[in-house]
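Protein chains: 2
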Amino acid sequence: MSIPPRGCTGAVRSLPWTNRLPMDRISPVIAIDVMGSDLGPGEVIAGVKGALEDRNDYRIILVGDEGQIRENLKIQNIGDDAPVEIVHASEVIAMDEKPLQALRSKKDASVIRTIELVRTGVADAMLSCGNTGSLMAGSLLKLRPMAGVERPTLATVMPTMRHHIVMTDVGANPNTTPLQMVHNAILGSNYCARVLGINQPRVGLLTIGTEEGKGNETSVEANKLLKAMGEMIHYVGLIEGFQVFDSKVDLVLCDGFVGNILLKTLESLVIQLKDYIRDEYKANPLRMLGALLSRGVFDALKQRLNPEKYGAASLLGLNGMVLKAHGSSNHRAIRSAVGIALSVTGKGARERCLEKIERANAIYQASL
Amino acid sequence: MSIPPRGCTGAVRSLPWTNRLPMDRISPVIAIDVMGSDLGPGEVIAGVKGALEDRNDYRIILVGDEGQIRENLKIQNIGDDAPVEIVHASEVIAMDEKPLQALRSKKDASVIRTIELVRTGVADAMLSCGNTGSLMAGSLLKLRPMAGVERPTLATVMPTMRHHIVMTDVGANPNTTPLQMVHNAILGSNYCARVLGINQPRVGLLTIGTEEGKGNETSVEANKLLKAMGEMIHYVGLIEGFQVFDSKVDLVLCDGFVGNILLKTLESLVIQLKDYIRDEYKANPLRMLGALLSRGVFDALKQRLNPEKYGAASLLGLNGMVLKAHGSSNHRAIRSAVGIALSVTGKGARERCLEKIERANAIYQASL
Numbered sequence: 005m006s007i008p009p010r011g012c013t014g015a016v017r018s019l020p021w022t023n024r025l026p027m028d029r030i031s032p033v034i035a036i037d038v039m040g041s042d043l044g045p046g047e048v049i050a051g052v053k054g055a056l057e058d059r060n061d062y063r064i065i066l067v068g069d070e071g072q073i074r075e076n077l078k079i080q081n082i083g084d085d086a087p088v089e090i091v092h093a094s095e096v097i098a099m100d101e102k103p104l105q106a107l108r109s110k111k112d113a114s115v116i117r118t119i120e121l122v123r124t125g126v127a128d129a130m131l132s133c134g135n136t137g138s139l140m141a142g143s144l145l146k147l148r149p150m151a152g153v154e155r156p157t158l159a160t161v162m163p164t165m166r167h168h169i170v171m172t173d174v175g176a177n178p179n180t181t182p183l184q185m186v187h188n189a190i191l192g193s194n195y196c197a198r199v200l201g202i203n204q205p206r207v208g209l210l211t212i213g214t215e216e217g218k219g220n221e222t223s224v225e226a227n228k229l230l231k232a233m234g235e236m237i238h239y240v241g242l243i244e245g246f247q248v249f250d251s252k253v254d255l256v257l258c259d260g261f262v263g264n265i266l267l268k269t270l271e272s273l274v275i276q277l278k279d280y281i282r283d284e285y286k287a288n289p290l291r292m293l294g295a296l297l298s299r300g301v302f303d304a305l306k307q308r309l310n311p312e313k314y315g316a317a318s319l320l321g322l323n324g325m326v327l328k329a330h331g332s333s334n335h336r337a338i339r340s341a342v343g344i345a346l347s348v349t350g351k352g353a354r355e356r357c358l359e360k361i362e363r364a365n366a367i368y369q370a371s372l
Numbered sequence: 005m006s007i008p009p010r011g012c013t014g015a016v017r018s019l020p021w022t023n024r025l026p027m028d029r030i031s032p033v034i035a036i037d038v039m040g041s042d043l044g045p046g047e048v049i050a051g052v053k054g055a056l057e058d059r060n061d062y063r064i065i066l067v068g069d070e071g072q073i074r075e076n077l078k079i080q081n082i083g084d085d086a087p088v089e090i091v092h093a094s095e096v097i098a099m100d101e102k103p104l105q106a107l108r109s110k111k112d113a114s115v116i117r118t119i120e121l122v123r124t125g126v127a128d129a130m131l132s133c134g135n136t137g138s139l140m141a142g143s144l145l146k147l148r149p150m151a152g153v154e155r156p157t158l159a160t161v162m163p164t165m166r167h168h169i170v171m172t173d174v175g176a177n178p179n180t181t182p183l184q185m186v187h188n189a190i191l192g193s194n195y196c197a198r199v200l201g202i203n204q205p206r207v208g209l210l211t212i213g214t215e216e217g218k219g220n221e222t223s224v225e226a227n228k229l230l231k232a233m234g235e236m237i238h239y240v241g242l243i244e245g246f247q248v249f250d251s252k253v254d255l256v257l258c259d260g261f262v263g264n265i266l267l268k269t270l271e272s273l274v275i276q277l278k279d280y281i282r283d284e285y286k287a288n289p290l291r292m293l294g295a296l297l298s299r300g301v302f303d304a305l306k307q308r309l310n311p312e313k314y315g316a317a318s319l320l321g322l323n324g325m326v327l328k329a330h331g332s333s334n335h336r337a338i339r340s341a342v343g344i345a346l347s348v349t350g351k352g353a354r355e356r357c358l359e360k361i362e363r364a365n366a367i368y369q370a371s372l
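Line order of the protein sequences matches chains W and E. So for the first sequence, my numbering puts the first residue at 5; every next one is plus one. So for the second sequence, my numbering puts the first residue at 5; every next one is plus one.
Each hint should be verified, as a subset may be incorrect.
Not close to chain W: a few residues of chain E, all C-beta gaps over 12 angstroms, as computed [said to hold, decoys possible]:
#1 ASP84
#2 PRO103
#3 LYS110
#4 ASP112
#5 GLY125
#6 GLY137
#7 LEU145
#8 GLY219
#9 THR222
#10 VAL240
#11 ARG291
#12 LEU305
#13 LYS351
#14 GLU362
#15 ALA366
With a Cα cut of at most 20 angstroms, we get these calculated PhoX-like pairs of lysine-lysine [said to hold, decoys possible]:
#16 E:LYS268 with W:LYS268
#17 W:LYS78 with W:LYS102
#18 E:LYS218 with W:LYS218
#19 W:LYS218 with E:LYS102
#20 W:LYS268 with E:LYS218
Because the hints were derived from the structure by calculation, they are not lab data. By construction, the Cβ of each residue, glycine as well, lies at the ideal position given by its N, Cα and C atoms.
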């Protein structure tokens with residue numbers, strides 16, 4: 005193996021991790037691009053601190069400006085005994101940069117270095133809250149799709165009133181084809197199992213009108229193809245918008261155009277709702293007293309709809325796990341994102357996905 | 005004119021309305037299909053009662069089973085002096101019937117009779133809360149699109165925390181083309197002006213990522229074409245999901261697939277949210293007291309997000325105005341839907357739309 009990667013510096017802990025082959029590792033390794041966050045590397049490293057308090061059976065590699073990383077490790081009291089290492093990267097891709105151009109011109113960008121750690125097998129999964137386009141394009145170029153998969157899909161956990169669901173695709177692939185929907189069902193089901201602990205997730209295909217023939221061309225064809233997959237996918241059929249939250253499905257399939265719009269609209273609605281309720285409560289003293297007495301209601305609501313709890317979307321279907329957190333993720337969101345990264349790094353799941361994808365492609369070929 | 009239509013009976017009020025040509029009419033006429041509602045004709049007629057209390061400068065034609073209508077008029081104390089007439093229809097298309105089949109087999113269906121009243125110019129607008137597919141297919145077949153328009157679009161007012169917006173298309177046309185997006189922008193802007201009183205509504209095109217080239221093929225092309233329309237449309241550009249509610253646009257354009265999913269998901273989220281908050285408040289006596297003191301907060305919230313206030317979607321771009329209310333619309337929703345119907349029946353607007361559509365088509369032709 006050609007590691008240590010260029011720019012790799014002495015680790016906080018002097019473990020010779022860079023000389024180990026992936027097979028030798030027992031505990032998982034999560035690589036984190038600490039640059040590119042709207043709140044700066046300090047917030048990301050505060051999240052790392054929290055994550056290490058949750059679990060300590062893994063290692064973290066922080067990628068970015070070494071000086072800033074060391075400074076923030078000191079602020080967070082993360083000492084040399086912590087399972088944390090540093091890979092220096094001299095460049096950062098800003099939020100407003102054009103992804104492909106930035107990837108070409110900034111060879112030492114933190115996001116590229118982080119992806120490299122996954123590609124070379126040094127890390128099992130990576131997390132970034134930087135420029136989404138660069139992360140998606142960079143990881144697609146460097147990690148390549150898994151055997152049999154055409155395009156990766158971006159999956160996210162959505163908190164609802166009654167339970168949690170996974171939705172995919174939420175933005176990686178605006179023109180998802182029927183076969184890609186099937187791949188996404190397989191990858192998303194695995195994700196559901198790993199992250200939410202739902203072993204046979206019920207899969208619904210989001211469309212308009214559930215009668216046969218309604219919807220658009222893709223949904224009609226995808227519906228047929230999903231049905232043809234038999235037991236491999238626990239497909240419950242077409243669902244409409246009002247069924248997204250009704251506890252009958254665990255995994256919602258849609259194309260990346262619909263999914264991205266839906267996710268962003270819902271997120272902004274929840275934020276507006278919170279602001280509105282807070283402002284209304286402040287309107288008079290009686291209401292403020294009422295708010296005080298019934299505070300638990302809103303704490304419960306906030307807890308339910310808390311976007312920090314599943315603060316990262318995952319790019320599924322590549323040769324390596326890539327997580328994307330919001331640019332504005334706070335330390336709590338980063339902390340939970342590390343938890344998600346850990347839950348998806350287990351062995352075996354990837355092999356089962358590969359096998360199912362192969363079977364799905366065979367069924368598709370036979371149907372042509 | 006070939007009216008009275010078949011099945012037309014003596015009016016509640018003995019005005020010889022059926023002999024008047026539309027040109028003779030001073031006050032607008034709204035035709036209402038009272039059948040097909042989940043709550044029965046009684047609820048619809050209770051809504052009519054409310055609408056007549058709001059305004060009395062128009063007339064209403066109730067279409068459906070005459071016996072049931074008369075009975076419910078009596079229950080509501082709507083007397084012979086009210087500006088209400090009846091057109092009998094012997095059949096009803098149920099919610100679960102296949103639209104095209106039902107239209108063919110039930111020639112005397114209330115929805116068809118109601119559409120006929122608009123087609124012949126007896127009524128200025130119509131309202132139904134029955135089978136959506138039959139209403140859309142029937143009105144498209146009988147009323148035909150306005151000159152220059154290819155497909156009608158379903159528009160709806162969405163209440164948000166800060167203001168109200170119009171969204172179109174929410175389900176009439178899942179594969180909206182770029183030119184159809186332009187038509188929808190013109191029709192929707194007019195609707196915004198009539199219903200919300202916004203004279204130069206700001207139009208945004210819903211997509212994913214606002215950088216040039218992002219989104220899907222339709223959004224990229226529609227963006228170019230909308231820009232080419234100059235002052236005719238107050239186009240502010242591409243918007244993402246999180247901008248739907250941020251007060252920067254009054255009219256949100258999207259294809260009917262995205263719009264329908266978005267609308268239904270948001271509606272169900274709001275319902276779930278209300279249920280959740282109510283249940284949480286009941287969890288203990290202290291919270292219940294808090295709820296009592298801060299009741300105004302939720303009354304305000306319910307008022308803001310009240311779906312009854314704009315309880316109908318409108319099918320725009322036909323030779324006649326068609327409004328669709330939810331199947332489960334209560335009398336308050338029907339009452340407000342009649343108000344919307346009245347606000348869109350004014351003269352002049354249609355001519356301005358026709359003229360703009362013609363100019364838009366010329367610009368499009370020149371761009372090819």
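Hint by hint, here is what the structure shows:
1. ASP84: 42 angstroms, holds
2. PRO103: 9 angstroms, violated
3. LYS110: 18 angstroms, holds
4. ASP112: 25 angstroms, holds
5. GLY125: Check passes; 32 angstroms lies beyond 12 angstroms.
6. GLY137: 8 angstroms, violated
7. LEU145: 18 angstroms, holds
8. GLY219: 7 angstroms, violated
9. THR222: About 9 angstroms separates THR222 of chain E from the closest Cβ of chain W, which leaves it inside 12 angstroms; violated.
10. VAL240: 17 angstroms, holds
11. ARG291: 4 angstroms, violated
12. LEU305: Violated, because the least Cβ-Cβ distance between LEU305 of chain E and chain W comes to about 7 angstroms, which does not exceed 12 angstroms.
13. LYS351: LYS351 of chain E is indeed farther than 12 angstroms from all Cβ atoms of chain W, at 34 angstroms.
14. GLU362: 29 angstroms, holds
15. ALA366: Holds: least Cβ distance 30 angstroms, greater than 12 angstroms.
16. E:LYS268 with W:LYS268: OK: LYS268 of chain E and LYS268 of chain W at ~15 angstroms, within 20 angstroms.
17. W:LYS78 with W:LYS102: 34 angstroms, violated
18. E:LYS218 with W:LYS218: 27 angstroms, violated
19. W:LYS218 with E:LYS102: Holds. LYS218 of chain W to LYS102 of chain E sits at ~12 angstroms (cutoff 20 angstroms).
20. W:LYS268 with E:LYS218: Status holds; Cα separation ~16 angstroms.
Going through the hint list in order, the structure does not satisfy hints 2, 6, 8, 9, 11, 12, 17, 18.
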